[in-house]
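So the sequences go chain by chain: W and Z.
Add 26 to a position in the first sequence, counting from 1, and you land on the number used in my numbering.
Add 11 to a position in the second sequence, counting from 1, and you land on the number used in my numbering.
The hints are simulated quantities; they were obtained by calculation from the structure and are not laboratory data.
Be aware that a few hints might be false.
Distance condition first, Cα-Cα at most 35 Å in a straight line; then the derived DSBU-like pairs of lysine-lysine [stated by the list, open to error]:
{"#": "1", "chain 1": "Z", "residue 1": "54", "chain 2": "W", "residue 2": "70"}
{"#": "2", "chain 1": "W", "residue 1": "150", "chain 2": "Z", "residue 2": "90"}
{"#": "3", "chain 1": "Z", "residue 1": "183", "chain 2": "W", "residue 2": "154"}
{"#": "4", "chain 1": "Z", "residue 1": "116", "chain 2": "W", "residue 2": "169"}
{"#": "5", "chain 1": "Z", "residue 1": "89", "chain 2": "W", "residue 2": "154"}
{"#": "6", "chain 1": "W", "residue 1": "154", "chain 2": "Z", "residue 2": "116"}
{"#": "7", "chain 1": "W", "residue 1": "154", "chain 2": "Z", "residue 2": "122"}
{"#": "8", "chain 1": "Z", "residue 1": "184", "chain 2": "W", "residue 2": "151"}
{"#": "9", "chain 1": "Z", "residue 1": "197", "chain 2": "W", "residue 2": "70"}
{"#": "10", "chain 1": "Z", "residue 1": "63", "chain 2": "W", "residue 2": "110"}
{"#": "11", "chain 1": "Z", "residue 1": "122", "chain 2": "W", "residue 2": "150"}
{"#": "12", "chain 1": "Z", "residue 1": "116", "chain 2": "W", "residue 2": "75"}
{"#": "13", "chain 1": "W", "residue 1": "154", "chain 2": "Z", "residue 2": "90"}
{"#": "14", "chain 1": "Z", "residue 1": "90", "chain 2": "W", "residue 2": "110"}
{"#": "15", "chain 1": "Z", "residue 1": "54", "chain 2": "W", "residue 2": "110"}
{"#": "16", "chain 1": "Z", "residue 1": "89", "chain 2": "W", "residue 2": "151"}
{"#": "17", "chain 1": "Z", "residue 1": "54", "chain 2": "Z", "residue 2": "197"}
{"#": "18", "chain 1": "Z", "residue 1": "210", "chain 2": "W", "residue 2": "154"}
{"#": "19", "chain 1": "Z", "residue 1": "197", "chain 2": "W", "residue 2": "87"}
{"#": "20", "chain 1": "Z", "residue 1": "122", "chain 2": "W", "residue 2": "110"}
{"#": "21", "chain 1": "Z", "residue 1": "116", "chain 2": "W", "residue 2": "150"}
Quick partial rundown of chain W residues pointing at chain Z, CB under 8 Å, derived from the structure [as the list claims (entries may be wrong)]:
{"#": "22", "residue": "83"}
{"#": "23", "residue": "102"}
{"#": "24", "residue": "148"}
{"#": "25", "residue": "152"}
Facing chain W, from chain Z, some residues (calculated, C-beta under 8 Å) [what the hints assert, rightly or not]:
{"#": "26", "residue": "110"}
{"#": "27", "residue": "111"}
{"#": "28", "residue": "114"}
{"#": "29", "residue": "201"}
Even glycine gets a Cβ: it sits at the ideal position worked out from N, Cα and C.
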Amino acid sequence: MKKPFTVLAVTSILFFIFVQPVSAAPSPITKGGVLPAINLSNPKSPEEKSYLGLTGSGNFKIPQIKAKAVIVEIFSMYCPYCQKEAPGVNELYQAIESNPELKDKIKLIGIGAGNTSYEVGVFKKTYKVLFPLFPDGDFTIHKMLGDIRTPYFIVVKMNDDGTHQVVHSEVGGFAGPQPFLEMVLTASGLK
Amino acid sequence: MKKKRVVFHAPLVGILSVFIFFTSVYSASEAFKENIYDVGTLKPIDSVPTLKVGHRAPDFVLPAVSGERIVLRQYLGKKNVVLSFVPAAWTPVCSDQWPGYNIIKDVFDGKDAILLGITVDNVPTLFAWTRQMGQLWFPVLSDFWPHGAVAKKYGVLRSNGVSERALFVIDKKGIIRYIDIHDINKRPPLEELAGALEKLGK
Numbered sequence: 027m028k029k030p031f032t033v034l035a036v037t038s039i040l041f042f043i044f045v046q047p048v049s050a051a052p053s054p055i056t057k058g059g060v061l062p063a064i065n066l067s068n069p070k071s072p073e074e075k076s077y078l079g080l081t082g083s084g085n086f087k088i089p090q091i092k093a094k095a096v097i098v099e100i101f102s103m104y105c106p107y108c109q110k111e112a113p114g115v116n117e118l119y120q121a122i123e124s125n126p127e128l129k130d131k132i133k134l135i136g137i138g139a140g141n142t143s144y145e146v147g148v149f150k151k152t153y154k155v156l157f158p159l160f161p162d163g164d165f166t167i168h169k170m171l172g173d174i175r176t177p178y179f180i181v182v183k184m185n186d187d188g189t190h191q192v193v194h195s196e197v198g199g200f201a202g203p204q205p206f207l208e209m210v211l212t213a214s215g216l217k
Numbered sequence: 012m013k014k015k016r017v018v019f020h021a022p023l024v025g026i027l028s029v030f031i032f033f034t035s036v037y038s039a040s041e042a043f044k045e046n047i048y049d050v051g052t053l054k055p056i057d058s059v060p061t062l063k064v065g066h067r068a069p070d071f072v073l074p075a076v077s078g079e080r081i082v083l084r085q086y087l088g089k090k091n092v093v094l095s096f097v098p099a100a101w102t103p104v105c106s107d108q109w110p111g112y113n114i115i116k117d118v119f120d121g122k123d124a125i126l127l128g129i130t131v132d133n134v135p136t137l138f139a140w141t142r143q144m145g146q147l148w149f150p151v152l153s154d155f156w157p158h159g160a161v162a163k164k165y166g167v168l169r170s171n172g173v174s175e176r177a178l179f180v181i182d183k184k185g186i187i188r189y190i191d192i193h194d195i196n197k198r199p200p201l202e203e204l205a206g207a208l209e210k211l212g213k
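Chain Z extracted, bound-state conformation (with noise of 0.2 Å):
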């Protein structure tokens, strides 16, 4: 008896629950025009975090879109280390997070930082997309193959291959100090980044 009620509440759960999910909204540039990808609302995290503040950050090599290769230790004593993980080109929130990083390089210079935008896509699915973002100042790298090891050591690699929508802070000691592992279909508010940068020595 109890099983049969489950049932017939199903397709009620069902429909509430796409009403639920389709009243989220997100702004897009026109500087990407139609070339945007709607993924629709997606499941806000689909990974298990394994890495906690006061941990020490995973060390990687990641070729950029500038054809550098980019290993996170060169930076250990020199830089401040932000790293901002995207799901994937050509997506909504996605394509409108890092222009606003863009004009806030001071913000990051000011606190001796650097940034290294990551996704899972290939270099020149990259180099096309960020080319809509006017000139970037740091650098995009690629974690395509071994395909997104370097999220699956982060802890943010999504079931479906994509990355979760996180931000590291990692001081010049090599050690996480701030991470927001974000709910994908938004993007983090700036100020928390901010916060978080501020809390840094230089």
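For reference, chain W alone in the conformation it holds in the complex (with noise of 0.2 Å):
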């Protein structure tokens, strides 16, 4: 007569344990906070390498990369928008790297959620995307921000004691290469 009651705690156990993390969304990243501990594959170009003050092989960690702040788009090549904005978001890399003030101190980066390093090559080919992209091909680093809609922008300013801290978070808000600059600018304290 006690097994069925035994079995029912027992499951309701492990609903309790198991399924209410997993199946309740992450929040998504907010302003304020820290970005959660995301390893990136080093990249094989030198060229990706240098302009992220990186060195040896691996992973890394966006902190890790040598800047006052880092722009972090998360994108899909199968997502229409992400499509339509990639040529701003050239134009805003080429904003910064023909600035000889901005050139050191803000780098760019993008995560292709869902996209296999396959995918990711066919954008940065179709859009002539020059900054380091890197694939998400099982959902990884998109479930750990907090299953967010694509495209997706997060500033994180280094602070110089090591230190980090998401200082813009936002789904789309692409207003244009300019008024995005700007506001990096000012919400990273570089202004």
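From the two separate chains plus the hints, produce the assembled complex.
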């Protein structure tokens, strides 16, 4: 007689331990917080490695990028808005790189949510993207960031003591290269 | 006694199934905003394959969103054909599949291939849905009436009336050269389709 109750108790405990944290969508990354521990593969291209100020191989974390601020675009090659905004994001990259005051302070990377290396490569080639793009084929990073919609922009401020802080986190909201750059400068205290 | 044990373990199996199914995620483009209906995680494949690589592709006539009527045999001797069945308009993974194919026209052109997108939705629904994807370069066909008849011919009609997420590559002779009846919850990686196209003669 006691057995059904034991089974029910065990399954209830399992439900609360395992199901709740998984089925509840994680909160989207918020301004003021820190990045989750995202692992990205060191770029193979020496140019991209040099752009990010990285050395060696294996994985790295975004706060290891040598910069005062890092802009992270979460995109997908399958997302029409990401496709539409790609030229504008390229202009943002060019605006930063052509400004001697900014080029060593602000870096830009993209992470392809649900995109394999091949798919990220297609996006890079199609839109002639010059900044580093990283695959997230199994949605691991996308999930860590809170199942956000694409395109999504995150700006991370790197502090002198080695810590970092998310100073901007928004779905879409890319109002054009110049307004976006102004926002990055203000939010990260570079202005 | 044995039967009782199965009954007692049923809730445990049920709970663990929920745990397993709820772990999958998908990407959603902001382009569709709040208009995507979340169907949850579905049985990966819910049909019995009827066709194999090497079979002749069954012919069909379907209306396109553009107003044309597309006949498969019109491509015989002229174009390789890729059929992309997706389950339904306004659902999560489907909405993030064709926009990717839309930026690789050069890959299809390079292999002298045309892409035909097919769902069981009616034309007005497909019109509204595909408008959110931008200007598609390939025809989008409605297999609405008789409902899912072409999906059924290709062995990809699910028991609830939507199609599988499936890709068929058909050569210029009308012979099926590649079939991917994919897990409905996941998008087929592009490199697999590109690889299948690569194997076709121009």
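Practice problem: Take a quick look at whether residue 63 of chain Z and residue 110 of chain W sit within 35 Å of each other, Cα to Cα. | Solution: Not satisfied, since the Cα-Cα distance of roughly 39 Å exceeds 35 Å.
Self-check item: Proposed interface contact between residue 102 of chain W and chain Z, which counts if any beta carbon pair is under 8 Å
Solution: The hint holds - residue 102 of chain W has a Cβ within 8 Å of chain Z, the shortest such distance being about 5 Å.
Exercise. Please work out if residue 89 of chain Z and residue 154 of chain W have their alpha carbons no farther apart than 35 Å.
Key: Holds: residue 89 of chain Z and residue 154 of chain W sit about 32 Å apart, inside 35 Å.
Quiz item: Is the interface hint for residue 83 of chain W satisfied, with its Cβ closer than 8 Å to some Cβ of chain Z?
Solution: violated, 23 Å
Quiz item: Can the hint on residue 152 of chain W be confirmed by a CB-to-CB distance to chain Z that is less than 8 Å?
Solution: Constraint on residue 152 of chain W satisfied, holds at 5 Å.
Quiz item: Taking the least C-beta to C-beta distance, is residue 111 of chain Z closer than 8 Å to chain W?
Solution: holds, 4 Å
Exercise. Against chain W, run the beta carbon of residue 201 of chain Z and see if the smallest gap drops under 8 Å.
Key: holds, 5 Å
Quiz prompt | Supplied contact hint for residue 114 of chain Z, tested at 8 Å Cβ to chain W | solution = At 5 Å from the nearest chain W Cβ, residue 114 of chain Z passes the 8 Å test, so the hint holds.
Exercise. Would you mind confirming whether the straight-line C-alpha gap from residue 90 of chain Z to residue 110 of chain W stays at or under 35 Å?
Key: holds, 30 Å
Exercise. Mind checking the alpha carbons of residue 116 of chain Z and residue 75 of chain W for me, to see if they're no more than 35 Å apart?
Key: With a Cα-Cα distance of about 31 Å, the restraint between residue 116 of chain Z and residue 75 of chain W holds, given a limit of 35 Å.
Quiz prompt | residue 116 of chain Z paired with residue 169 of chain W [C-alpha distance capped at 35 Å] | solution = holds, 30 Å
Quiz item: Should the hint that residue 110 of chain Z touches chain W count as held when the rule is a Cβ pair under 8 Å?
Solution: holds, 5 Å
Violated hints, listed in ascending order, are 1, 10 and 22; each of the other numbered hints is respected by the structure.
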